[in-house]
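Residue numbers (our numbering), protein chains in the order written: chain A, 1 to 514; chain B, 1 to 468.
Do not take every clue at face value.
[Claimed, not checked] Far from chain A, some chain B residues (derived; all Cβ distances over 12 Å): (1) His7; (2) Arg299; (3) Arg332.
[To be verified] Partial chain B-side listing against chain A, Cβ under 8 Å, derived: (4) Gln124; (5) Val181; (6) Thr310.
[Claimed, not checked] To spell it out: a stretch of chain A is covered by chain B in this simulated footprint if at least three of its residues, at any positions, have a beta carbon under 8 Å from a beta carbon of chain B; those stretches are: (7) 26-35; (8) 210-218; (9) 264-273; (10) 355-368; (11) 402-416; (12) 456-469.
Please keep in mind that the hints were generated in silico from the structure rather than gathered at the bench.
The model shown is predicted, which means the values in this text are computed figures rather than measured ones.
Built from N, CA and C at the ideal position, the CB exists for glycine as well.
Here is how the chains run, residue by residue.
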Amino acid sequence: MFQQARWDEPVIFRLGGKGRRGCNLPGVETEVCSLTGNVADELPKTLKRTKPPNLPELSEVEVVRHFTRLSQMNYGVDLGFYPLGSCTMKYNPKIDDLLAEESGISELHPNQDEGTVQGILEILYTLSRSLAEITGTAEVSLQPSAGAHGELLGALIMRACHKFNGDAEKRTELIVPDSAHGTNPASGTMAGFKIVVVPSNQNGCIDLKALKAAVSERTAGLMLTNPNTLGIFEEDIAEIAETVHNVGGLLYYDGANLNAIMGKVRPGDMGFDIVHINIHKTFGTPHGGGGPGAGPIGVCKELAKFLPVPQIAYDENRKRYFLDYNRPESIGKIRSFYGNVAILVRAYAYISSLGAEGLEEAAEISVLNANYLVKKLKEIRGLELPYAEGRPRKHECVFSAKPMLKETGVRAMDIAKRILDYGMHSPTTYFPLIVEEALMIEPTESVEKEELDRFVDILKKISSEAYSNPDLLKKAPYNAAVTRLDEVKASHPKTMALSWRMYQKRNVIKDAGQ
Amino acid sequence: MPKSHVHPYIPNATLETKHEMMQQIGIKNIDELYADVPEKFRLKRRLNLPKPLSEHEVREHVETLLHKNKRRTDIPTFLGAGCWPHHVPAAVDNIVQRTEFSTSYTPYQPEISQGMLQAMFEYQSIICELTAMDVANSSMYDWASALGEAVRMAVRMNNRTEVVVPKLVHPERYATLQTYVEPLKLQIKSVDYNPETGLLNIENLKRQVSEKTTAVYIENPSYLGFVETQVEEIAEITHDRGALFIAGVDPTSLGVLKPPGEYDADIVVGEGQPLGNHLNFGGPLLGLFACRGQMELIRQMPGRVIGMTTTLSGDKTGFCMALQTREQHIRRERATSNICTNEALCAVASAAYLALLGPRGLRELGEIIMMKTQYAMQELAKIKGVKTPLFKAPHFKEFTVNFDKTGKTVRAINQTLLKRYGIHGGKNISKEFPDLGQTALCCVTEVHSQADLDLLAKALGNVLRKKR
Numbered sequence: 001m002f003q004q005a006r007w008d009e010p011v012i013f014r015l016g017g018k019g020r021r022g023c024n025l026p027g028v029e030t031e032v033c034s035l036t037g038n039v040a041d042e043l044p045k046t047l048k049r050t051k052p053p054n055l056p057e058l059s060e061v062e063v064v065r066h067f068t069r070l071s072q073m074n075y076g077v078d079l080g081f082y083p084l085g086s087c088t089m090k091y092n093p094k095i096d097d098l099l100a101e102e103s104g105i106s107e108l109h110p111n112q113d114e115g116t117v118q119g120i121l122e123i124l125y126t127l128s129r130s131l132a133e134i135t136g137t138a139e140v141s142l143q144p145s146a147g148a149h150g151e152l153l154g155a156l157i158m159r160a161c162h163k164f165n166g167d168a169e170k171r172t173e174l175i176v177p178d179s180a181h182g183t184n185p186a187s188g189t190m191a192g193f194k195i196v197v198v199p200s201n202q203n204g205c206i207d208l209k210a211l212k213a214a215v216s217e218r219t220a221g222l223m224l225t226n227p228n229t230l231g232i233f234e235e236d237i238a239e240i241a242e243t244v245h246n247v248g249g250l251l252y253y254d255g256a257n258l259n260a261i262m263g264k265v266r267p268g269d270m271g272f273d274i275v276h277i278n279i280h281k282t283f284g285t286p287h288g289g290g291g292p293g294a295g296p297i298g299v300c301k302e303l304a305k306f307l308p309v310p311q312i313a314y315d316e317n318r319k320r321y322f323l324d325y326n327r328p329e330s331i332g333k334i335r336s337f338y339g340n341v342a343i344l345v346r347a348y349a350y351i352s353s354l355g356a357e358g359l360e361e362a363a364e365i366s367v368l369n370a371n372y373l374v375k376k377l378k379e380i381r382g383l384e385l386p387y388a389e390g391r392p393r394k395h396e397c398v399f400s401a402k403p404m405l406k407e408t409g410v411r412a413m414d415i416a417k418r419i420l421d422y423g424m425h426s427p428t429t430y431f432p433l434i435v436e437e438a439l440m441i442e443p444t445e446s447v448e449k450e451e452l453d454r455f456v457d458i459l460k461k462i463s464s465e466a467y468s469n470p471d472l473l474k475k476a477p478y479n480a481a482v483t484r485l486d487e488v489k490a491s492h493p494k495t496m497a498l499s500w501r502m503y504q505k506r507n508v509i510k511d512a513g514q
Numbered sequence: 001m002p003k004s005h006v007h008p009y010i011p012n013a014t015l016e017t018k019h020e021m022m023q024q025i026g027i028k029n030i031d032e033l034y035a036d037v038p039e040k041f042r043l044k045r046r047l048n049l050p051k052p053l054s055e056h057e058v059r060e061h062v063e064t065l066l067h068k069n070k071r072r073t074d075i076p077t078f079l080g081a082g083c084w085p086h087h088v089p090a091a092v093d094n095i096v097q098r099t100e101f102s103t104s105y106t107p108y109q110p111e112i113s114q115g116m117l118q119a120m121f122e123y124q125s126i127i128c129e130l131t132a133m134d135v136a137n138s139s140m141y142d143w144a145s146a147l148g149e150a151v152r153m154a155v156r157m158n159n160r161t162e163v164v165v166p167k168l169v170h171p172e173r174y175a176t177l178q179t180y181v182e183p184l185k186l187q188i189k190s191v192d193y194n195p196e197t198g199l200l201n202i203e204n205l206k207r208q209v210s211e212k213t214t215a216v217y218i219e220n221p222s223y224l225g226f227v228e229t230q231v232e233e234i235a236e237i238t239h240d241r242g243a244l245f246i247a248g249v250d251p252t253s254l255g256v257l258k259p260p261g262e263y264d265a266d267i268v269v270g271e272g273q274p275l276g277n278h279l280n281f282g283g284p285l286l287g288l289f290a291c292r293g294q295m296e297l298i299r300q301m302p303g304r305v306i307g308m309t310t311t312l313s314g315d316k317t318g319f320c321m322a323l324q325t326r327e328q329h330i331r332r333e334r335a336t337s338n339i340c341t342n343e344a345l346c347a348v349a350s351a352a353y354l355a356l357l358g359p360r361g362l363r364e365l366g367e368i369i370m371m372k373t374q375y376a377m378q379e380l381a382k383i384k385g386v387k388t389p390l391f392k393a394p395h396f397k398e399f400t401v402n403f404d405k406t407g408k409t410v411r412a413i414n415q416t417l418l419k420r421y422g423i424h425g426g427k428n429i430s431k432e433f434p435d436l437g438q439t440a441l442c443c444v445t446e447v448h449s450q451a452d453l454d455l456l457a458k459a460l461g462n463v464l465r466k467k468r
C-alpha cells in the first residue's frame with residue numbers, strides 16, 4: 001500500500017548552527033571599499049537596523065536537505081492522478097519547464113530597450129493572438145497574474161465600458177449563478193458591483209426564468225462558466241446571451257473550464273464579451289503548489305480599448321514588436337510590468353507542441369475520460385450523480401455522497417481523505433455548493449485508462465469499507481505524511497500560530513514530535 | 001475521424017483505447033458527448049494555429065526566438081525600478097524545480113501536502129522576522145497589487161475615504177493602486193517632497209492627513225533609491241489621526257535598514273522578487289504582505305495564510321490553511337479579496353534564499369549593495385554636467401542621474417550607450433517625473449563588479465564628451 005514519506009522534519013528555525021551560511025556573495029573590491037567605506041554604518045540611527053533578523057543559520061547542504069525532505073511530503077501531478085475538479089491538473093510538459101528556465105528569459109529586464117527583447121515580445125504577441133483565436137475574442141491582455149486577477153480585470157472592464165457609455169451609476173448589479181466559483185462574486189464585489197445570485201434549474205444549468213427576472217437596466221453583466229462547474233454545457237447559452245445583451249449587460253466567461261471545449265466551440269462565438277483563461281489549467285503550466293499562474297483575458301472588439309497598458313503589439317511598417325502605452329481609454333494597470341512571462345512562455349511552447357488538432361484532441365479526451373468515470377462511478381454504492389440524468393458531462397463530473405452519508409455516516413470528506421491512503425489525490429470536495437456532499441472529479445486528458453480504472457477500483461473499495469467499517473474512514477488518512485489534521489485549531493484565536501514568532505509568543509500548540 | 005497521430009501528453013488518444021472507452025460509455029463517436037452544444041455555435045473548422053511541432057522542433061523554435069533577446073549578461077545593465085538583478089543561488093533553483101512542489105495544486109488536502117504547507121509557513125515566518133511584523137500571508141501577485149490590497153484592507157478597517165501617498169511613488173504602483181481603489185471611490189492624495197532630500201515634506205503631510213485618511217503609505221527605500229529617514233514622525237502623524245501606516249519595502253534592504261515593525265507600521269507590503277527569483281522579463285514577481293498581530297487586522301487580511309496545528313489525535317505537529325473563512329471559496333462576495341492562485345513557488349524560493357543567506361548574509365548583502373551604489377554615484381558624479389544623486393540622502397540600490405546640464409536627453413544618451421558600447425543605461429524617468437528634468441534611475445546590486453561600474457562611468461563620459 002502507498003506510504004508517503006514521513007521525515008518529522010523540524011521547522012527550519014530549529015535547524016542549523018550559529019555562524020553557518022549557505023551562500024557566498026560576490027565581495028566588494030578593495031578599491032571600492034576604501035573609496036566608500038561601509039556606507040551602511042553611516043545610516044542615521046532612526047533607520048538603522050540594530051538587531052539582526054532572527055533568520056535561521058544553515059549551510060547549503062542543510063537547506064537543500066530540508067526542502068528536499070519537505071518536497072517528499074508533497075503530492076504533485078508527476079506522482080500520480082490528481083482529479084481535483086475545476087483545477088484541471090493536467091500534465092506539465094518537461095520541455096516547457098526547460099525552455100522557461102533558459103537565460104534568454106530569466107535574465108531579461110522588463111525595462112530593456114525594445115530592440116533588445118524582440119524575441120520575447122514575439123513569443124508574447126503570438127501567444128496573445130493564439131489565445132484570441134482559441135477563445136474567439138478580438139484582443140487579449142496577458143497582464144493578469146492568475147485567473148481571479150483576470151476576473152477582477154474583466155469586471156473592471158465591464159465597469160469602464162458602462163462608465164464610457166455614461167451608464168456606470170445605473171449599472172450596479174453583477175449576476176452570477178449559484179453554481180459559480182467563489183472568485184466570481186468576490187471579483188465582482190472588488191470591482192464595486194452588487195452581486196445578484198440566480199439559481200440553477202433541475203438540470204444544473206442557469207434557470208432562464210430566474211435570469212429573465214433578475215436582469216434589468218441595473219444589470220452590468222453576467223459571469224458564467226460554460227461548461228459549468230457540474231461539467232454540464234449550458235445549452236441555453238444563446239438565450240442567456242440574448243437576455244443579458246438585450247438589457248445592455250455584458251457577458252463574462254469564466255475560463256476555468258475552457259479545457260473541455262478547445263477547438264469545439266469558442267466563448268466569443270457563444271456571445272461572451274470578456275473571457276479569462278487560466279493558463280495553468282488549460283495550457284499545462286505547473287501550478288507551483290498555489291502559483292504562480294497566469295490569467296490573460298480576451299475581449300470583443302468594442303472592449304479592446306479598455307485593456308490595461310501596455311499591450312504587446314506589432315508594427316507592420318517597422319517590422320517590430322513594441323509595448324503600446326498609447327491607449328487613452330485603458331483602465332490603467334493591475335500589476336507591475338506585463339504579466340507572468342515565465343509561465344506564459346510555457347503556454348506558448350505547449351500550444352506549439354499540440355497545435356489546433358492537439359488542443360482539440362486534449363478537449364475530446366478530457367471529456368471522454370470524464371464520461372468514462374461517470375459511467376463507472378455511477379455503479380458504486382453510496383454515490384449518486386445529481387442533475388441532468390443521462391446528459392453527457394464535459395471535462396468533469398460531480399458526484400454526491402449523500403446516500404453514503406445517510407446509510408453509513410461517512411461523508412465526502414472522509415472519502416477524500418481515504419483516497420489519499422491509496423496514493424492518489426482526492427477530488428474537490430463540497431463544491432459546487434448546489435451539490436450536497438460533493439465530490440467534483442476532473443480527470444483531464446493526461447491520464448491513461450488503467451489509472452482511471454485504478455481510481456474506480458479505489459472508490460469501490462472505499463465504498464465497501466464505508467458499509468463494513470465506517471469508523472476506518474472517519475479517521476483516514478493513515479498513509480500520508482500526517483494523520484488527519486485539526487483545522488479548527490489552526491484558525492481559533494486562542495490556538496492560532498500563523499508564524500514562528502507568533503507560535504513562540506503563544507506556545508500553545510503542543511509541540512509534539514519535534 | 002480517426003487520427004493517426006498520438007500525442008505524447010494524451011495517453012488515451014490511441015484508437016484502441018478510445019474505441020474501448022466509447023464502447024463502455026455507449027457512444028460511437030466522441031462528438032456525441034458534445035451533442036448539447038448548439039449547432040450554430042460549433043466551430044466548423046480547425047483553429048487557425050501554427051501546425052504542431054515535435055519536441056525537438058519546439059525547442060529549436062523557442063530557442064531561436066530567445067536568442068534574439070539580449071540578456072543582462074550580454075549587455076551590462078543598470079535597470080531596477082521594481083525588478084532587480086541579483087544572484088540566485090543554484091540551490092534555490094534546484095529546490096523550486098522539484099516537481100513534487102512545482103506540479104502540486106493549492107494544498108486543499110493538507111495531509112498529503114505537508115511539504116508545501118510547511119515551506120509556506122516558513123516563508124511567512126521568515127518574512128515576519130525580516131519585517132518585524134507578527135503575521136504575513138503566503139503571497140500576493142506583486143508589490144503593486146499588494147499595495148492595492150493593503151489600502152482596500154485599511155478601508156475595511158476604518159471605512160475612510162482618502163489615502164495619502166508620496167509624490168515620488170513608483171508610477172506603476174500608483175497606477176495599480178488607482179485601479180484597485182477606483183471602485184471604492186477613494187481619493188488618492190500626494191504629499192510633496194523636500195527638493196533637497198527627496199524626503200516627505202512633513203508640513204505638507206500634516207496638512208494632508210486628516211480624519212478622512214484611511215492610510216498613509218511610504219516606500220522605503222523609495223522608488224528613486226533614497227531612504228526615508230523620518231519614519232517615526234510619519235508614523236506618529238498617521239496614528240494621531242487614527243489612520244493606518246503602510247510601509248512598502250525592498251526586502252534586500254532589511255539587513256541594514258530598520259524593519260517597518262520597529263517604526264510602527266501597521267501593514268507592510270513589498271517586492272519579494274529579489275529574494276531568489278529571476279528577472280523573467282518582469283514576471284512572476286512576489287507580493288509581500290504582512291501586518292501586526294491584532295485579531296481585527298488579521299481578520300481583514302487578504303490572501304491565503306498557513307497555520308501550524310496538530311493532528312486530531314494531538315500527537316504530531318502539522319500545517320494547514322488557516323482563516324479560510326476570509327477567503328473567496330467560503331465567503332464569496334463578502335471575502336476580503338478574490339485572490340486564489342498566488343505566487344506560492346516564488347515564496348518557497350524566497351524562503352530558501354533567506355535560509356541560505358541567514359542574518360549575516362542578509363546584512364552583508366545590504367552592505368555590499370550600499371557600497372557599490374555609493375561607488376557608482378561617486379564615479380558618475382565626476383562626469384562633467386552629470387548630477388547624481390539628485391537628492392542628499394542615503395541611497396540603497398537605486399539612484400537618480402540627472403543630465404540637464406549636458407544638453408542631452410536620457411533617451412539619446414541611452415541609445416548611444418547601447419549602440420556604441422553595448423551597455424544598458426538606467427531607466428528613463430523624465431516622463432514619469434518631469435519636475436526632475438532629464439533623469440535616469442540607475443540600479444546597482446551585488447552582481448555588478450567594479451569593472452562594470454567603471455565601464456558605465458567611462459562610456460557615459462565618452463558619450464557626454466561628444467558634441468552629437
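Hints, one by one, checked against the model:
With a least CB separation of 5 Å from chain A, His7(B) falls inside the 12 Å interface cut-off, contrary to its annotation. Residue placement check: Arg299(B) does not keep its beta carbon more than 12 Å from all beta carbons of chain A (closest about 9 Å). Non-interface status of Arg332(B) relative to chain A is broken: a Cβ of that chain comes within 12 Å, the nearest being about 4 Å off. Taking 8 Å as the C-beta contact cut-off toward chain A, the hint placing Gln124(B) at the interface holds, the least distance being around 5 Å.
The beta carbon of Val181(B) is not positioned within 8 Å of any beta carbon in chain A (closest approach about 10 Å), and the interface hint is therefore violated. Given the 8 Å rule on beta carbons, the hint for Thr310(B) holds: about 6 Å separates it from the nearest Cβ of chain A. For the segment 26-35 of chain A, the proposed coverage by chain B is satisfied: 8 residues have a C-beta within less than 8 Å of a C-beta in that chain, meeting the threshold of three. Coverage of the segment 210-218 of chain A by chain B is violated [criterion: at least 3 residues with CB-CB distance below 8 Å; count 0].
Judged by the Cβ-Cβ criterion of 8 Å, the segment 264-273 of chain A is covered by chain B as claimed, because 5 of its residues qualify and three suffice. Coverage of a stretch by a chain is defined here by at least three residues with a beta carbon nearer than 8 Å to that chain's beta carbons; for the segment 355-368 of chain A and chain B the count is 12, and the condition holds. A stretch counts as covered by a chain when three or more of its residues have a beta carbon under 8 Å from one of that chain; for the segment 402-416 of chain A and chain B the count is 1, and the coverage is violated. Here's how the segment 456-469 of chain A fares: 0 of its residues keep a CB closer than 8 Å to some CB of chain B, so the rule of at least three is not met and the hint is violated.
Taken one by one, the earlier hints fail for this structure at numbers 1, 2, 3, 5, 8, 11 and 12, listed in ascending order.
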